[in-house]
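Engineer: Chains as they are written, first to last, in the working numbering: chain F, -8 to 88; chain G, 41 to 504.
Mixed in with the good hints there might be a few duds.
[Claimed, not checked] Pair by pair, the computed Cβ-Cβ distance ranges are:
#  : chain 1 : residue 1 : chain 2 : residue 2 : range
1  : F       : L(-4)     : G       : Y230      : 23 to 29 Å
2  : G       : P404      : F       : P50       : 54 to 60 Å
3  : F       : E(-6)     : G       : S100      : 36 to 42 Å
4  : G       : V219      : F       : A(-5)     : 39 to 45 Å
5  : F       : A(-5)     : G       : S153      : 42 to 48 Å
6  : F       : K82       : G       : A114      : 20 to 26 Å
7  : F       : K82       : G       : H224      : 54 to 60 Å
8  : F       : A(-5)     : G       : I88       : 22 to 28 Å
9  : F       : P50       : G       : T42       : 46 to 52 Å
10 : F       : Y1        : G       : G447      : 23 to 29 Å
11 : F       : K84       : G       : D98       : 49 to 55 Å
12 : G       : V240      : F       : K16       : 31 to 37 Å
13 : G       : A57       : F       : P50       : 36 to 42 Å
[Unchecked claim] Derived BS3-like pairs (lysine-lysine); straight-line CA-CA distance at most 30 Å:
#  : chain 1 : residue 1 : chain 2 : residue 2
14 : G       : K491      : F       : K83
15 : G       : K380      : G       : K457
16 : G       : K380      : F       : K82
17 : F       : K84       : G       : K328
18 : G       : K94       : F       : K83
19 : F       : K82       : G       : K70
20 : G       : K502      : F       : K84
21 : G       : K496      : F       : K84
22 : F       : K84       : F       : K16
23 : F       : K16       : G       : K491
24 : G       : K502      : G       : K482
25 : F       : K84       : G       : K482
26 : G       : K274      : G       : K380
27 : G       : K274      : F       : K83
28 : F       : K16       : G       : K374
29 : F       : K82       : G       : K502
30 : G       : K380      : F       : K84
31 : G       : K374      : F       : K83
32 : G       : K482      : F       : K83
33 : F       : K84       : G       : K457
What the hints contain is simulated information worked out from the structure, not anything from laboratory work. For every residue, glycine included, the Cβ atom is placed at its ideal position computed from N, Cα and C.
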Amino acid sequence: MTEALLSSLYIFVLAMFLGFAVITKVPPLLHTPLMSGSNAISGVTILAALLVTGSQQGPLQTILGVLAVALAMTNVVGGYLVTDRMLQMFKKKPGEK
Amino acid sequence: MTLREILIAFAYMMAAACFVIGLIWLQTPKRARAGNILSALGMLVAIIATLLSKEIIDYSMIALGLVIGTAAGAWMARAVPMTGMPQMVGLLNGFGGAASALIAAAEYFRYASGTGPTLDLSITILLTMLIGAVTFSGSMIAAGKLQGVVNERAVTYPFQQPINLVIALTILATGVYLVVDFGHPWVFGYFIIASLVLGVLFTIPIGGADMPVVICLLNSLSGLAAAMAGFVVKNNALIISGSLVGASGIILTQIMCWAMNRSLANVLFGAFGSTVVAGAGGQSAAGKTVRPIQPDEAAILLAYAQLVIIVPGYGMAVSQAQHAVRQLADELAKRGVTVKYAIHPVAGRMPGHMNVLLAEANVPYDQLYDMDQINDEFQRADVALIIGANDVVNPAARYDRSSPIYGMPILNADHAKNIIVMKRSMNPGFAGIENELFYNEKTRMLFGDAKESLTKLINEVKSV
C-alpha cells in the first residue's frame, strides 16, 4: 500500500459520498437528463485515453488508445449534446423560450 | 513538480468542481441546462490540460480519435428520437465502459513485457478491464433489447446459474493467476472474454420492464470503470468524476428498485416477465368482462370533467403519442378542465422517460406530478386517463400476496370516479400479469393504437 494509493482511495470514497449527497436531491422530473449528463461525465476516461495514445508506447498501445479516444469522445460529445437537447425542452409555461 | 504539472493539476481540480456544480444545478429545472453546459466546459478544460502534458509526444493519432468521436457523438445526439433515449444512454454507457477497458488493455501490454507492475497496479488494471468489459457487453445487450434487436423478454436457459458460476470462477482464477504472474497475454485474453460473457449473461435474462434498473446499474458501472482507470493511470480527475457517476447510478438503481418493491438481486436473477402469469391470485380473466368505450362517449366524459389525471406509460412512447396527448390536454384546458399528469418512477424504460417525452411535446413541467405528489388527488379526479400504462396502476399490488408485483407502490388510478384505459388489446403488460383494474366497474376500455385513439378523441372533444 503506497501513500499515493491511500490518498486516491480517500478521494474515491469522499467523492462517492459527495455524489450520493448531490444526486439524492435531483427530482425525478430530471432523472433522464441526469443519466445522460452523468453518462457524459463518465467519458472523463478520455483523459487516460489521450495519455495512452499520445505517449508513443508502441503500435499496439496506440491502436488501443485511438479506439479508446474515439469511444470516450463519442460518450462525452453525445452525452452532453443530447442532455442539452433534452433540457432545453423543459419549460414551465407553454411556448416559453 | 514543474509549473506545467501544477497548472494541469489545477485544471483537473477546476474540471471536477465544474462537474459537481453542474450536478448541483441539475436539482432545479431552471438551472439544469446551465449546469450541463458548465459540466461540458469542465470536460473541455480537462481535455485541453491533458493535451498540454509533456507525456504526449504525438498528436496525429489523438486528432484522429477526437474527430471520429466528436462526429459520431454529435450525429447520435441529433439523430436519436426522444423515444429512443434509453437505447442512446445504454449505448453511450457501453462506449464509456469500452474506452476504460481499452485503457486497461493498453496498460496491461505496457507492463506485461517488462518486470511486471506492483500488486496494486495489477489489481486495478484487472478491475478496470473487468468492469469496463462487463459494462460494454451488458450495455450492448441492454440497448439491443430496448431497440428490439435482442429478445426483449426475460430469456432463460437451462443451467443458467451453474453457467454463471463457471464464468465467475473463470474470471477469478485467471485474475488471480495474472496477479501472481502478469506476463501471460493468453490468460489475459481469457480474462477479457470471460468478462465480456459475464456482461451478456447478466443482461440477457432481464425483461424489458426491468430495463430502467439495468440502465441505471450500467450507468453506475461505467462511472466505476472510469474511476478504476483513474487508479491505473494515477489521475484524480478520473477518480473523482468516475465515483460521482458511480454514486449517481447506484442511487438511481436504488430508487428504481424501491419503486418496484424488489431487491436488486431479484431484478437481476428473478427472470421477471419470462412467462405470462395468467390469473395470478384468482383474478382470472375467465368469467370477467371488460367494457369497451367509443371515442365519442369518452370525449363527453372528458369534456365535462373538472379534473382529469393522465397516466402515461411505455405504450405512449411506443406509439409516439406524446404530442397527441398534449393536444388533447390543450382542448380540455380550453373547456376549463384541469389536466394533470401522474408519473410513476418506473413508467417507461428509464428513470424520467415520461417526463422527457412530455417535455418534448411542450407540456409545462409543473403539470407533471410524481407519484407521492398526486396519489391523494385521484379520488377527486373525474377521469383517470391511462395511456399505455399497465403494471403501475394494477391494484393487485396492494393486497394480492400471490401477485409478482405485490408491494410495488402504484398510482391510485382506481380511486378516480371514472377510468378510461387506452390499450392496444387485452394482452397483459410487460410483467405478464393480468390487471384487475381493467375489470373494475368504473373502468372503460378504449381499444386501439394510442395515437389514433387520441386523434379521434381530440376531434370528438372539439365537437362536444
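Engineer: Hints first: check each against the structure and report whether it holds.
Structural biologist: Structure-based check of each hint:
no., hint, in the structure
1, F:L(-4) <-> G:Y230: 23 to 29 Å, "holds, 27 Å"
2, G:P404 <-> F:P50: 54 to 60 Å, "holds, 56 Å"
3, F:E(-6) <-> G:S100: 36 to 42 Å, "holds, 37 Å"
4, G:V219 <-> F:A(-5): 39 to 45 Å, "violated, 19 Å"
5, F:A(-5) <-> G:S153: 42 to 48 Å, "violated, 24 Å"
6, F:K82 <-> G:A114: 20 to 26 Å, "holds, 24 Å"
7, F:K82 <-> G:H224: 54 to 60 Å, "holds, 58 Å"
8, F:A(-5) <-> G:I88: 22 to 28 Å, "holds, 25 Å"
9, F:P50 <-> G:T42: 46 to 52 Å, "violated, 29 Å"
10, F:Y1 <-> G:G447: 23 to 29 Å, "violated, 39 Å"
11, F:K84 <-> G:D98: 49 to 55 Å, "holds, 53 Å"
12, G:V240 <-> F:K16: 31 to 37 Å, "holds, 35 Å"
13, G:A57 <-> F:P50: 36 to 42 Å, "holds, 38 Å"
14, G:K491 <-> F:K83, "holds, 25 Å"
15, G:K380 <-> G:K457, "holds, 15 Å"
16, G:K380 <-> F:K82, "holds, 15 Å"
17, F:K84 <-> G:K328, "violated, 44 Å"
18, G:K94 <-> F:K83, "violated, 48 Å"
19, F:K82 <-> G:K70, "holds, 8 Å"
20, G:K502 <-> F:K84, "holds, 23 Å"
21, G:K496 <-> F:K84, "holds, 26 Å"
22, F:K84 <-> F:K16, "holds, 23 Å"
23, F:K16 <-> G:K491, "violated, 35 Å"
24, G:K502 <-> G:K482, "holds, 25 Å"
25, F:K84 <-> G:K482, "violated, 33 Å"
26, G:K274 <-> G:K380, "violated, 51 Å"
27, G:K274 <-> F:K83, "violated, 44 Å"
28, F:K16 <-> G:K374, "violated, 35 Å"
29, F:K82 <-> G:K502, "holds, 26 Å"
30, G:K380 <-> F:K84, "holds, 14 Å"
31, G:K374 <-> F:K83, "holds, 18 Å"
32, G:K482 <-> F:K83, "violated, 33 Å"
33, F:K84 <-> G:K457, "holds, 29 Å"
Violated hints, in rising order: 4, 5, 9, 10, 17, 18, 23, 25, 26, 27, 28 and 32; the structure is consistent with all others.
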